[in-house]
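Please arrange chain U on chain E, whose structure you already have, making use of the hints.
Protein chains: 2
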Amino acid sequence: MSDLVLAADLGGTNLRMATVDAAGVVAHLVKRPVPEDVSPHQLVAFIDKIAGQVLDDVDRSRIAAIAFTAPAPVTDDFDGVLTKLPNLGSVTGMNLKVELEKLFSLPVVIENDATAAAIGENWIGASRGVENCVTVTLGTGIGGGIIINGRPIRGKDGIGGEIGHMTVEPGGRPCKCGNQGCVEEYASATALARMAVDHRHPARSSLQLYESWQQGDPIAEQIFATMGRSLGQMLAGLANALNPEMFVICGGVAEGIDAFGDHVRTEIAARAYPAAAKTGVVVKGELGDNAGIIGVARSAFVRMGTHSIEGL
Amino acid sequence: MSDLVLAADLGGTNLRMATVDAAGVVAHLVKRPVPEDVSPHQLVAFIDKIAGQVLDDVDRSRIAAIAFTAPAPVTDDFDGVLTKLPNLGSVTGMNLKVELEKLFSLPVVIENDATAAAIGENWIGASRGVENCVTVTLGTGIGGGIIINGRPIRGKDGIGGEIGHMTVEPGGRPCKCGNQGCVEEYASATALARMAVDHRHPARSSLQLYESWQQGDPIAEQIFATMGRSLGQMLAGLANALNPEMFVICGGVAEGIDAFGDHVRTEIAARAYPAAAKTGVVVKGELGDNAGIIGVARSAFVRMGTHSIEGL
Numbered sequence: 001m002s003d004l005v006l007a008a009d010l011g012g013t014n015l016r017m018a019t020v021d022a023a024g025v026v027a028h029l030v031k032r033p034v035p036e037d038v039s040p041h042q043l044v045a046f047i048d049k050i051a052g053q054v055l056d057d058v059d060r061s062r063i064a065a066i067a068f069t070a071p072a073p074v075t076d077d078f079d080g081v082l083t084k085l086p087n088l089g090s091v092t093g094m095n096l097k098v099e100l101e102k103l104f105s106l107p108v109v110i111e112n113d114a115t116a117a118a119i120g121e122n123w124i125g126a127s128r129g130v131e132n133c134v135t136v137t138l139g140t141g142i143g144g145g146i147i148i149n150g151r152p153i154r155g156k157d158g159i160g161g162e163i164g165h166m167t168v169e170p171g172g173r174p175c176k177c178g179n180q181g182c183v184e185e186y187a188s189a190t191a192l193a194r195m196a197v198d199h200r201h202p203a204r205s206s207l208q209l210y211e212s213w214q215q216g217d218p219i220a221e222q223i224f225a226t227m228g229r230s231l232g233q234m235l236a237g238l239a240n241a242l243n244p245e246m247f248v249i250c251g252g253v254a255e256g257i258d259a260f261g262d263h264v265r266t267e268i269a270a271r272a273y274p275a276a277a278k279t280g281v282v283v284k285g286e287l288g289d290n291a292g293i294i295g296v297a298r299s300a301f302v303r304m305g306t307h308s309i310e311g312l
Numbered sequence: 001m002s003d004l005v006l007a008a009d010l011g012g013t014n015l016r017m018a019t020v021d022a023a024g025v026v027a028h029l030v031k032r033p034v035p036e037d038v039s040p041h042q043l044v045a046f047i048d049k050i051a052g053q054v055l056d057d058v059d060r061s062r063i064a065a066i067a068f069t070a071p072a073p074v075t076d077d078f079d080g081v082l083t084k085l086p087n088l089g090s091v092t093g094m095n096l097k098v099e100l101e102k103l104f105s106l107p108v109v110i111e112n113d114a115t116a117a118a119i120g121e122n123w124i125g126a127s128r129g130v131e132n133c134v135t136v137t138l139g140t141g142i143g144g145g146i147i148i149n150g151r152p153i154r155g156k157d158g159i160g161g162e163i164g165h166m167t168v169e170p171g172g173r174p175c176k177c178g179n180q181g182c183v184e185e186y187a188s189a190t191a192l193a194r195m196a197v198d199h200r201h202p203a204r205s206s207l208q209l210y211e212s213w214q215q216g217d218p219i220a221e222q223i224f225a226t227m228g229r230s231l232g233q234m235l236a237g238l239a240n241a242l243n244p245e246m247f248v249i250c251g252g253v254a255e256g257i258d259a260f261g262d263h264v265r266t267e268i269a270a271r272a273y274p275a276a277a278k279t280g281v282v283v284k285g286e287l288g289d290n291a292g293i294i295g296v297a298r299s300a301f302v303r304m305g306t307h308s309i310e311g312l
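Residue numbers (our numbering), protein chains in the order written: chain E, 1 to 312; chain U, 1 to 312.
Here chain E stands alone, though its shape is the one from the complex (with noise of 0.2 Å):
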């Protein structure tokens, strides 16, 4: 019986690979980072390995599709080809979809990582059975997965859910995707590691922050409110625009939701509209770092017909 999906996180760092069941069990996890400056050739080498490592007590008739997240744009008819990746540049323009297919014989679906985890959480996370909500991915950047109507917003070009790049200082910080003022400048763990720098603060990491902040450093307690507000002022406007009924924050920082979280509260209440803000409550994902490989293997199972919603 063929019952689980070959499910991939595929990030800059490293990838994650797994089976999932159609429950959203997740079993068999292997995570190895990926080869710096790695070729087309050599990265499906290294899937095809690191699927061995997977598959090494698993009945390989049991496999019934191929899921990978990419850290790149994915559209509703995406065909495989990687485009426009700034953390795993040496693969541009490899088709993901094409190279897989060959290595496994199986059908492959791929989404974008942050849609994957938006996905993920609606299934069976923090999200499960909300209509409408938007899921923000804080590391070393920011990504974000937007669901309306029970349905992922991808956008003609992919870039939907894009909401680590949406202006919060409009003459503010420049950042590496051409703009200035993002988001992602401000709220992110790279952002935090740098307002930590600014501060002349010891903490080297958003983690080191972190704990500096749960030992009361107000130092650290300003910076966590400054980031919260950035991120709070961005989810405002989301808030009046699409006026959902749920925020996630997923992503390592979400580990320190309770140094920031209260922050975004205060200043989505600030800025958006009442009812809006008091609907669009702001939680922490649930499904931590297998947000995405839950994700993309609901849609496969959607995509197979195993679990039925219209148009994922």
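Wrong hints could be hidden among the right ones.
What the hints assert, rightly or not - Okay, derived cross-link-like pairs now, DSS-like style, lysine-lysine, Cα gap no bigger than 25 Å in a straight line:
#, chain 1, residue 1, chain 2, residue 2
1, E, Lys278, U, Lys176
2, U, Lys31, E, Lys176
3, E, Lys278, U, Lys84
4, U, Lys31, U, Lys84
5, E, Lys84, U, Lys278
6, E, Lys49, E, Lys102
7, E, Lys284, E, Lys31
8, U, Lys31, U, Lys284
9, U, Lys84, U, Lys102
10, E, Lys31, E, Lys49
As the list claims (entries may be wrong) - FRET-style restraints, in silico, Cβ to Cβ:
#, chain 1, residue 1, chain 2, residue 2, range
11, U, Asn87, E, Ala225, 46 to 56 Å
12, U, Val197, E, Pro274, 26 to 36 Å
13, E, Thr266, U, Gly89, 21 to 31 Å
14, U, Gln42, E, Lys176, 55 to 65 Å
15, E, Lys176, U, Arg173, 27 to 37 Å
16, U, Asn87, E, Gln180, 31 to 41 Å
17, U, Ala270, E, Leu207, 27 to 37 Å
18, E, Lys176, U, Glu221, 47 to 57 Å
19, U, Gly89, E, Asn87, 36 to 46 Å
In case anyone wonders, no lab produced these hints; they're calculated from the structure. Glycine included, each C-beta is placed from N, C-alpha and C at the ideal position.
Frame of chain E; chain U shown alone:
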């Protein structure tokens, strides 16, 4: 044959009422100022009187439904009660749907005014056939309607599309919505007139300022550039978040789009992802003051089954 909808655009200043047929043709248009501080009872009498004028030479059996826009939040399952009416506060709490049903003994459809304009433009106007688009209504204030996969995003509380209250200047001008730095404070007709005063320019309205611009006035050029950049900053955020195919500029101020449109486009190009900026063309609405009437009539035709659009 019941082939017409009696459609009306109920605003804080005017009531516009007409018949609309299944092809979107507007006829028998009557426009009258809404009495100041009108009570719910007076409003019903006023509507009855105007309807009498509109239908003076129309066979009443041709009217299949009543379709009204309101300057109020309208949800997917709207019960008809008017709430949060900054421009028509004297009828707050009135159940417009029930009153109209009693008055006309016909099915009643109500849409938020800006959402209706977006639906109208999406039916037979500038964005006809476009699956994903954002419509901005530029007038005294700024409203908006967002259509994704052909369906308007009304939001959980009917706030969806309130893009005039997205922040563009975090520490900026206080807005009557309670936020500060809303794009409405920088890009509405009111904002244009205020900026003229700030610059000691003789224009006292956005129209006068536009006439100065047409004559090559450099201060007017500067003000429209500022205005266009603010609007472009907000739309660039939506270009990244939703990656739509089109931005439609409607409302009275849209008539001056040649003074500010290119500044909007330049700002979107500078701030949004290149693919999203290229895809999201900025155009002027085509239906003028009739966009709302046409749009809400469309909603009525869809709900009656005359037109089929799943979920409108």
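Right, here's what the structure says about each hint:
1. E:Lys278 - U:Lys176: holds (19 Å)
2. U:Lys31 - E:Lys176: With Cα atoms ~52 Å apart, U:Lys31 and E:Lys176 exceed 25 Å; violated.
3. E:Lys278 - U:Lys84: holds (15 Å)
4. U:Lys31 - U:Lys84: Cα-Cα ~24 Å, so holds.
5. E:Lys84 - U:Lys278: holds (15 Å)
6. E:Lys49 - E:Lys102: Measuring from Cα to Cα gives roughly 15 Å; hence the hint holds.
7. E:Lys284 - E:Lys31: holds (23 Å)
8. U:Lys31 - U:Lys284: holds (23 Å)
9. U:Lys84 - U:Lys102: At roughly 23 Å apart (the allowed maximum being 25 Å), U:Lys102 and U:Lys84 satisfy the hint.
10. E:Lys31 - E:Lys49: Holds. E:Lys31 to E:Lys49 sits at ~12 Å (cutoff 25 Å).
11. U:Asn87 - E:Ala225: 46 to 56 Å: violated (36 Å)
12. U:Val197 - E:Pro274: 26 to 36 Å: At 31 Å between Cβs, range holds.
13. E:Thr266 - U:Gly89: 21 to 31 Å: Once the Cβ atoms are compared, 28 Å apart, the range 21 to 31 Å for U:Gly89 and E:Thr266 holds.
14. U:Gln42 - E:Lys176: 55 to 65 Å: Check passed, 59 Å falls within 55 to 65 Å.
15. E:Lys176 - U:Arg173: 27 to 37 Å: For U:Arg173 against E:Lys176, whose Cβ atoms are near 31 Å apart, the range 27 to 37 Å holds.
16. U:Asn87 - E:Gln180: 31 to 41 Å: Check passed, 36 Å falls within 31 to 41 Å.
17. U:Ala270 - E:Leu207: 27 to 37 Å: holds (34 Å)
18. E:Lys176 - U:Glu221: 47 to 57 Å: violated (33 Å)
19. U:Gly89 - E:Asn87: 36 to 46 Å: Roughly 51 Å apart at Cβ, these two residues miss the hinted range, so it is violated.
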